[in-house]
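A.B. asks: What follows is each chain in one-letter form.
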Amino acid sequence: MTGPHPVGLSIRGAVKVYPGTRALKGVDFDIRMGAVNVLVGENGAGKSTLMKVIAGVEDLTEGEILMDGRPVVFRSKEDAVAAGIGIVFQELNLFPDLTVAENVFIGREPLRLGFDIDKGEMARRTQALMRRLEQDIRPEQVLGYLRIGQQQIIEIAKALAEDARILILDEPTSALSPQEVEVLFRVIGELTAQGVGVVYISHRLEELIRIGDYITVLRDGAITGSRGMAGVDIPWIVQAMIGDKSKDYSAGISHAFGAEVFRAEDVSLPKPGGGYAVDHVSLSVRAGEILGLYGLMGAGRTEFLECVMAQHPRATGRMFVGDRPLRGDVAARIARGIALVPEDRKRDGLIQILSVRENLTLSSLKALSIGPHLSLRAEAARAADYIRRLVIKVASAENPVSSLSGGNQQKVVIGKALMTGPKILLMDEPSRGIDIGAKAEIYRAMRRLAAEGIAILFVTSDIEEVMGLADRILVMAEGRLVREFPAGAPAAEIIAAANTKKQREHAA
Amino acid sequence: MSAASIDAPGHAPSRAWLLLLLRARTFVALILVLAYFSWAAPNFLSVANAVLVSKHVAINAFLAIGMTFVIITGGIDLSVGSVVGLTGMITGWLVLHGIDPGFGWSIQFNTFEIAAIACACGILVGAINGLLITRFNVAPFIATLGMLYVARGAALLLSDGRTFPNLNGNPEYGSATFPLIGTGQMLGIPVMIWLLALTVALSSYIAHRTRLGRNIYAVGGNERGAALSGVNVRRVKMFVYMFSGLMAALVGIIIASQLRASHPATGEFFELNAIAAAVLGGTSMSGGRGRIGGTIVGAFVIGILSDGLIMMGVSSFWQMVIKGLVIIAAVVIDQLQSRLQARVALAQEAAG
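Chains as they are written, first to last, in this note's numbering: chain A, 54 to 561; chain B, 8 to 359.
These are calculated hints, taken from the structure and not from any lab test. For each residue, glycine too, the CB sits at the ideal point set by N, CA and C. Just so you know, not all the hints are guaranteed correct.
[To be verified] Listed next, with one range per pair, are the computed distances between beta-carbon atoms:
| no. | chain 1 | residue 1 | chain 2 | residue 2 | range |
| --- | --- | --- | --- | --- | --- |
| 1 | B | F143 | A | P163 | 38 to 44 Å |
| 2 | A | R430 | B | A31 | 21 to 27 Å |
| 3 | B | R169 | A | E193 | 52 to 58 Å |
| 4 | B | A134 | A | R501 | 44 to 50 Å |
[As the list claims (entries may be wrong)] Which residues of chain A face chain B? A few of them, derived with a C-beta cut under 8 Å, are:
| no. | residue |
| --- | --- |
| 5 | P395 |
| 6 | I404 |
| 7 | L427 |
| 8 | N452 |
| 9 | P453 |
Kindly produce the complete structure, drawing on both the sequences and the hints.
C.D. replies: The following block contains the structure:
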């Protein structure tokens with residue numbers, strides 16, 4: 054259906070430079086009205102940057118934005134909103150304790166006499182929006198009681214309430230159930246019929262092919278493919294996304310694997326709303342093996358690692374380190390040789406206010422103590438040792454860890470995990486939010502650790518990462534392990550596996 | 008966090024000096040207050056006055072040390088003032104009546120046992136606070152606010168609101184030494200100051216040279232991160248509230264001993280002075296930052312300020328205004344310092 058859709062907004066020669074990186078390298082991108090413009094690319098390819106530029110959150114370093122043929126400049130988000138651009142970010146920006154109507158009109162409440170909020174008007178307009186979105190949600194409902202999917206719809210309603218002519222949806226379906234996805238797609242269909250230009254960003258390729266009219270693929274800040282959706286299939290998208298280049302992070306260290314180190318049997322985690330976040334997952338890792346757990350966001354990968362690390366008391370199933378079952382609290386599990394490098398460094402990995410030294414040794418204080426007495430000298434020596442071994446760039450081990458760059462912070466988290474002398478290292482998105490150079494260093498470190506006999510289980514949604522690093526690849530979708538691949542399996546098949554489950558669910 | 012971080016690459020010596028000055032601000036303030044009152048108030052520098060002031064300071068310092076640990080974990084303990092009153096009344100009851108099981112005879116205790124029981128009661132109240140916070144997820148402010156009322160009410164109930172007078176002890180029971188806790192001297196220095204010195208040494212040791220201490224800072228800095236690193240967050244929180252309860256009990260005993268009487272209203276608003284001393288000493292209300300040494304200096308600034316102002320004959324109304332201003336100024340400067348410190352650390356990393 055590559056009909057005559059007028060171009061509503063276009064970007065020409067967009068260049069965006071951040072300190073140290075070029076996020077966009079001369080990107081041309083058109084948003085066609087009355088159609089779904091799909092944008093796809095690996096993590097860090099520049100999708101978010103491009104959208105932030107369009108939404109007025111970031112400025113362009115070079116290049117221009119044209120609307121209806123005339124160049125426009127968005128100095129702030131308000132400018133973009135005034136020009137009719139609405140954006141729904143992946144993270145919800147809502148207030149759980151306010152009502153639906155209050156959320157929809159937050160910051161732009163209809164006023165009487167300039168100060169009195171017109172609640173009736175607000176409720177009426179919210180009601181109309183809900184009808185347009187086919188939702189049976191009352192305006193006076195408190196938002197926090199709605200399901201995540203419904204909250205996402207409220208975000209969309211918020212953008213529509215601002216009379217958005219261009220609506221940007223950043224990974225809108227990662228939190229939605231299949232039924233809610235259907236509703237969202239119907240809503241998108243109606244919006245495009247009304248002439249709204251939709252930009253749709255997702256990692257779910259099946260979904261993109263189903264809903265998109267035009268597709269644009271970004272790789273490393275440049276466009277690698279842009280065409281109408283007719284005739285597009287998953288292999289084409291994957292080809293455009295990752296190209297022919299095969300990055301070699303392994304540096305050719307090959308070694309034999311040892312005995313099984315960790316085994317999980319039937320690990321399950323029930324979801325609050327029914328169903329399973331982790332659905333009877335069984336896997337095992339051998340010493341010296343790097344096992345990659347690939348899956349899209351919301352596939353239950355992080356939750357699985359959290360189950361291993363005793364973060365979910367309601368999780369069921371059995372886990373073994375060596376031949377002995379794994380039980381107890383976090384400290385007990387660390388003592389058994391499990392170490393976790395969490396996904397979110399800021400929230401879970403580091404104590405920002407403490408120094409690099411204090412962060413490095415936090416999990417290993419017992420080994421540095423005699424009874425209750427903590428040996429500061431042994432601690433400083435151990436910290437200096439790990440700073441050297443992991444090549445952490447830091448002026449002084451006493452500086453707060455928050456003053457380091459992302460890559461060096463990640464090395465501190467890894468150092469903390471390694472200091473406990475783990476048999477198996479769990480890594481959740483080990484290269485998230487760090488630059489290319491630091492990434493390569495972390496990959497090299499992972500290879501070296503595996504060669505030293507540590508088992509590594511890492512989780513990622515980056516196809517290149519899993520292909521370049523893993524000795525064996527497990528694909529997870531909707532809480533279940535769906536397929537296993539050996540190293541060197543074709544990317545298209547791995548990506549398809551991460552998507553297939555979804556499809557079967559639809560049919561059912 | 009420590010002084011070691013500023014002697015690295017010194018291309019901004021003036022900024023490093025400013026930072027040092029800011030970091031030692033409580034100490035600078037202490038010297039300024041001391042100097043001012045020595046000049047302005049006659050007899051301020053006499054030995055007798057120094058002893059008197061340090062006794063006043065000690066009362067607040069005990070509570071402030073307990074409070075510092077609690078605040079470092081990101082919590083607050085509003086119940087300490089009431090626990091001072093409650094443990095004081097328990098002490099008074101034990102000295103006067105012992106325990107009467109209701110069979111026509113009673114159990115009497117010696118001084119050491121009385122103090123131990125009162126301390127145990129303080130720790131118990133702290134444990135209840137801790138349980139409410141760790142097991143029932145009650146916000147520390149609310150849990151300890153409730154305990155503030157409960158403990159005060161219990162103190163009043165013990166005597167129907169009356170004072171237990173004449174707590175001189177009884178040589179037959181071995182409690183005649185009771186008044187010495189608050190009034191006795193060893194080597195010319197009051198017993199309670201020795202007690203304080205011991206407490207300061209112990210708590211500084213806990214804070215800086217033990218796993219427990221490091222875990223306290225970690226929990227306050229990022230509770231989730233600490234838990235994922237294997238820190239037993241509940242145990243750490245239980246400890247700080249129990250320790251705070253113990254400090255309150257010590258103060259209750261000391262005051263009862265000093266006055267040889269215990270009054271159920273003793274300790275009202277003490278929690279606010281303790282919080283003020285901790286904050287003045289650089290403890291961050293958002294958790295993760297604070298030092299015992301800083302808190303002690305903070306307690307001295309507050310103590311000297313109020314005693315000095317009294318000696319100068321400043322009206323008590325003005326005293327309150329001045330005390331409040333000093334606390335606010337301390338926090339404002341604290342914010343400036345942490346911003347500057349972050350900038351210096353970033354500059355170092357950029358240069359390195």
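A.B. asks: Take the shortest C-beta to C-beta distance between P395 of chain A and chain B; is it under 8 Å?
C.D. replies: For P395 of chain A, the interface hint holds, since the closest Cβ of chain B sits about 6 Å away, which is under 8 Å.
A.B. asks: In this structure, is the beta-carbon distance linking R430 of chain A and A31 of chain B contained in 21 to 27 Å?
C.D. replies: 26 Å, holds
A.B. asks: With 52 to 58 Å as the target window, see if R169 of chain B and E193 of chain A comply at their CB atoms.
C.D. replies: Roughly 55 Å apart at Cβ, these two residues keep to the hinted range, so it holds.
A.B. asks: For the restraint on L427 of chain A, tell me whether the closest CB of chain B is nearer than 8 Å.
C.D. replies: Holds. Min distance 5 Å.
A.B. asks: A range of 44 to 50 Å was offered for this pair. Does it hold for the Cβ distance of A134 of chain B and R501 of chain A?
C.D. replies: 48 Å, holds
A.B. asks: Quick check: does the Cβ-Cβ distance between F143 of chain B and P163 of chain A fall within 38 to 44 Å?
C.D. replies: Holds - the Cβ-Cβ distance for F143 of chain B and P163 of chain A, about 42 Å, lies within 38 to 44 Å.
A.B. asks: Against chain B, with CB atoms and a cut of 8 Å, does the hint on I404 of chain A hold up?
C.D. replies: 4 Å, holds
A.B. asks: Does N452 of chain A pass the interface hint, meaning its C-beta sits closer than 8 Å to a C-beta of chain B?
C.D. replies: 5 Å, holds
A.B. asks: May I ask you to test the interface hint for P453 of chain A with respect to chain B, counting a Cβ-Cβ separation under 8 Å as satisfied?
C.D. replies: 6 Å, holds
Every hint from the earlier list agrees with this structure, and none is contradicted.
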